[in-house]
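Undergrad: Here are the chains, one letter per residue:
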Amino acid sequence: MIRESAHKLAALRARIGAIEGAMPSGDAALFALGHALLDARLGGGLARGRLHELFAADPIDQPSMTGFALMLAMRLGSGPLLWLRQCDAARGFGELYGPGLIDLGLDPARIIEVQAPDEIALLRAAGDAVRCQQLTAVLIEPWKKTRAFDLTASRRLSISAEKTGVTVLVLRSTADPSPSAAHSRWQIRAIPSQALEANAPGPPAIEIALLRHRGGIAAFHQCLEWDRDQSAFHEPALSGGLVPLPAHRLLAAGGKGIG
Amino acid sequence: MMRIVAPSPQALRLGMSPGMRVADARAQLPDLAIFDIDRTADAALLERIADGCDRYTPMVAIDGTDGLILDISGCAHLFSGETGLCADLTRRLKRLGMHVQIALANTPDAAHAQARHGKGEIGAMPVEALELPPEETTALRRAGFKRIEHLTARPSAPLSARFGESATDRLARVAGGRDIRITPRRPEAALIVERSFAEPVTHVVAMLAAIEQLAGNVVQQMEDAQRGGRRFEAQLFRTDGLVRSLRIETSLPTRDVPLLMRLINERIETLNDPIDPGFGFDLVRLLVPLLEPLDPLQLPLEGGAVAQDEIARLIDRLSTRLGRNRVRRFAPQDSHIPEQAMLVFSAIDPRPIEAWPAPEPGEPPLRPIHLFDPPQRIEVLASVPDGPPRHFRWRRTLHEVARAEGPERIGSLWWRRADNKGMTRDYYRVEDRNGHRFWLFRRGIYGREAANPVWYLHGLFA
Numbered sequence: 001m002i003r004e005s006a007h008k009l010a011a012l013r014a015r016i017g018a019i020e021g022a023m024p025s026g027d028a029a030l031f032a033l034g035h036a037l038l039d040a041r042l043g044g045g046l047a048r049g050r051l052h053e054l055f056a057a058d059p060i061d062q063p064s065m066t067g068f069a070l071m072l073a074m075r076l077g078s079g080p081l082l083w084l085r086q087c088d089a090a091r092g093f094g095e096l097y098g099p100g101l102i103d104l105g106l107d108p109a110r111i112i113e114v115q116a117p118d119e120i121a122l123l124r125a126a127g128d129a130v131r132c133q134q135l136t137a138v139l140i141e142p143w144k145k146t147r148a149f150d151l152t153a154s155r156r157l158s159i160s161a162e163k164t165g166v167t168v169l170v171l172r173s174t175a176d177p178s179p180s181a182a183h184s185r186w187q188i189r190a191i192p193s194q195a196l197e198a199n200a201p202g203p204p205a206i207e208i209a210l211l212r213h214r215g216g217i218a219a220f221h222q223c224l225e226w227d228r229d230q231s232a233f234h235e236p237a238l239s240g241g242l243v244p245l246p247a248h249r250l251l252a253a254g255g256k257g258i259g
Numbered sequence: 001m002m003r004i005v006a007p008s009p010q011a012l013r014l015g016m017s018p019g020m021r022v023a024d025a026r027a028q029l030p031d032l033a034i035f036d037i038d039r040t041a042d043a044a045l046l047e048r049i050a051d052g053c054d055r056y057t058p059m060v061a062i063d064g065t066d067g068l069i070l071d072i073s074g075c076a077h078l079f080s081g082e083t084g085l086c087a088d089l090t091r092r093l094k095r096l097g098m099h100v101q102i103a104l105a106n107t108p109d110a111a112h113a114q115a116r117h118g119k120g121e122i123g124a125m126p127v128e129a130l131e132l133p134p135e136e137t138t139a140l141r142r143a144g145f146k147r148i149e150h151l152t153a154r155p156s157a158p159l160s161a162r163f164g165e166s167a168t169d170r171l172a173r174v175a176g177g178r179d180i181r182i183t184p185r186r187p188e189a190a191l192i193v194e195r196s197f198a199e200p201v202t203h204v205v206a207m208l209a210a211i212e213q214l215a216g217n218v219v220q221q222m223e224d225a226q227r228g229g230r231r232f233e234a235q236l237f238r239t240d241g242l243v244r245s246l247r248i249e250t251s252l253p254t255r256d257v258p259l260l261m262r263l264i265n266e267r268i269e270t271l272n273d274p275i276d277p278g279f280g281f282d283l284v285r286l287l288v289p290l291l292e293p294l295d296p297l298q299l300p301l302e303g304g305a306v307a308q309d310e311i312a313r314l315i316d317r318l319s320t321r322l323g324r325n326r327v328r329r330f331a332p333q334d335s336h337i338p339e340q341a342m343l344v345f346s347a348i349d350p351r352p353i354e355a356w357p358a359p360e361p362g363e364p365p366l367r368p369i370h371l372f373d374p375p376q377r378i379e380v381l382a383s384v385p386d387g388p389p390r391h392f393r394w395r396r397t398l399h400e401v402a403r404a405e406g407p408e409r410i411g412s413l414w415w416r417r418a419d420n421k422g423m424t425r426d427y428y429r430v431e432d433r434n435g436h437r438f439w440l441f442r443r444g445i446y447g448r449e450a451a452n453p454v455w456y457l458h459g460l461f462a
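The listed protein sequences correspond, in order, to chains A and B.
If you count the first sequence from 1, position 7 lands on 7 in the working numbering, and the numbers rise without skipping.
If you count the second sequence from 1, position 332 lands on 332 in the working numbering, and the numbers rise without skipping.
Rather than coming from a laboratory, the hints here were simulated on the basis of the structure.
Be careful, since some hints might not be right.
Said to hold, decoys possible - In the SDA-like style, the derived pairs of lysine to any residue whose C-alpha atoms are separated by at most 20 Å in a straight line are: (1) 144(A) - 395(B); (2) 146(B) - 128(B); (3) 163(A) - 311(B); (4) 94(B) - 48(B); (5) 163(A) - 310(B); (6) 144(A) - 396(B); (7) 163(A) - 132(A); (8) 144(A) - 57(A); (9) 163(A) - 128(A); (10) 94(B) - 68(B); (11) 94(B) - 121(B); (12) 163(A) - 131(A).
Claimed, not checked - Far from chain B, some chain A residues (derived; all Cβ distances over 12 Å): (13) 4; (14) 31; (15) 32; (16) 34; (17) 37; (18) 112; (19) 113; (20) 148; (21) 179; (22) 184; (23) 214; (24) 216; (25) 219; (26) 222.
Note that the structure is predicted; figures quoted are calculated from it, not measured.
Ideal Cβ positions, reconstructed from N, Cα and C, are used throughout, including at glycine.
My request is simple: use the sequences and hints to build the entire structure.
TA: Below you can see the structure in the form of structure tokens.
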């Protein structure tokens, strides 16, 4: 009896597997993020030709989330990027600014920006874009109410992405993490950067947290600093890199040792 | 005081006339129906009729507020001669409830005069037909010139000495056969093909089939000339004179019929008001306003389709669906004013992509990834009026500044201003306690340009 149902279960699993396509993600090509520890944790990097979702910890972390998406796009290659934005996004967080993108290391000439008037138009355009093999990545930036962006929509996008190998990055901002076919899901938060001379803000520093991974990698979080010249992530120096603090700690440690 | 501008034929018969006071007219006919004049609607109607007249000739011009001029040289034989054309035009306009005065003449001005001042010989027309300013017409009348033939009989030099250059000029244009070419409403397309139907077609599907056939025709012609089209326009002429235009554009010159049909379908889907065949379409026309050189395609020897530029096709589709201004690319622009340092252009416009200047190695990003246009006003507290901010309030949240760099002083374009003035901006890169990075500026130098400089948030860093 039990054996029979196990047999049935196996058959069902096989059928579902056939419907869902290449479910085990082992065959997906990976791209390294250029940070040894992070890549080791991810088993080599993130999957190309899959859908990845990025969330912002707080509405004001939106630029850091966008920055992380752009950094991933830079790691993916140097081909054209299609950046789909819902019009309201520009009103909320400003227009894309070329000089700032090149300062981050991303050549703005790679970007084709599409402004969609509403979410349905955004998803339709995304569906077309994902089918275009020559694109390196498609960035999808819906705005606030993401009702149409549901499991079906994300599954449709990820199936097309698997076929063409175009990586899809969805900038979901502070939307509720509803069920989706995303291969991985990240939450991004800005952290204080390493101060430069005269207490000037340093290179972009973020904390990324893996919320979910299809390959079963456990959740973790990691502080990163973006190195534009190497186009790679680094470990940031200890936060609050002001001179007095470590000196004080050292003294305290020394005192303990003596005592 | 309200006056009557355009009485209907019935009203004319009852003694109403243009220029009459409304009060007087009401006194004569108490139940006279009076409507306010709407010149914009009149102009729109005239434009609509002009669209419908495109079926006869591409050279159609609007003449004043109530007339159209058609240059039918070389077109009349398609409608069984000039009389056939006139009859067809009259029939169509009558169906719309129009009263038409058609005049055929060798020059546009002669036709204009004949349509308005009675047919027949130009010479027999009153001098008013010259449409000179009222004082000049009166001067002509006082001098005994009642009809145009009186003027044409005279040498023109004394006439122009007495009545001015404009009078003889008008006379030459109306009577002397001086031909002024009309300026058509639209530039003539490089390629035009059309198909008319004996019976009006009421199905959009049938129309699309006809467009596809015309597209095949046009593609053949373009192939022979080794050209490709970048803009296409399908015009659907309805029997009642309404014309629907479907315009599409491609980023690369093309001769691909299935692609054109895909784009046309895309365009039909995005129309605000669906195509209404009404009583049917009786003419389809396909125009190619913009041609560009395109070498013949050679299929690869090993077989298979030629790899197409997929991205260009994607841009075409999205531009057709969403509008050409919504699919954009960025180019650098040489300006130190931050909001002018980038040029945004439609991705469908072909343009060599310029290289962006590479940033200085080792520097952190000096410009934000997002820029607000216009900059957003913020409340700032600074320790000294010309120093960096201590904390600021943006969108009802207080941000305490932990790190700041600045000021980066950006002067205004004072040479572009009439008063040679303009506010200098002092930019600061700041980071708050939580690590969010902002680009702020203070507008005006404290004490020199502004007593109380105002702060703005201009951009956000990653």
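Undergrad: For each hint, tell me whether it holds in the structure or not.
TA: Here is how each hint holds up against the structure:
1. 144(A) - 395(B): holds (17 Å)
2. 146(B) - 128(B): holds (9 Å)
3. 163(A) - 311(B): holds (17 Å)
4. 94(B) - 48(B): holds (15 Å)
5. 163(A) - 310(B): Distance ~15 Å between residue 163(A) and residue 310(B) Cα, so the pair holds.
6. 144(A) - 396(B): holds (19 Å)
7. 163(A) - 132(A): holds (10 Å)
8. 144(A) - 57(A): Status holds; Cα separation ~14 Å.
9. 163(A) - 128(A): holds (13 Å)
10. 94(B) - 68(B): holds (16 Å)
11. 94(B) - 121(B): With a Cα-Cα distance of about 26 Å, the restraint between residue 94(B) and residue 121(B) is violated, given a limit of 20 Å.
12. 163(A) - 131(A): The hint holds at about 8 Å.
13. 4: holds (50 Å)
14. 31: holds (20 Å)
15. 32: holds (20 Å)
16. 34: holds (16 Å)
17. 37: holds (21 Å)
18. 112: For residue 112(A), whose nearest Cβ neighbour in chain B is about 5 Å away, the distance does not exceed 12 Å, so it is violated.
19. 113: The claim breaks: residue 113(A) does not keep its Cβ more than 12 Å from every Cβ of chain B (closest is about 5 Å).
20. 148: At roughly 16 Å from the nearest Cβ of chain B, residue 148(A) sits farther out than 12 Å, so the non-interface label holds.
21. 179: holds (28 Å)
22. 184: Check passes; 20 Å lies beyond 12 Å.
23. 214: holds (27 Å)
24. 216: holds (30 Å)
25. 219: holds (21 Å)
26. 222: holds (15 Å)
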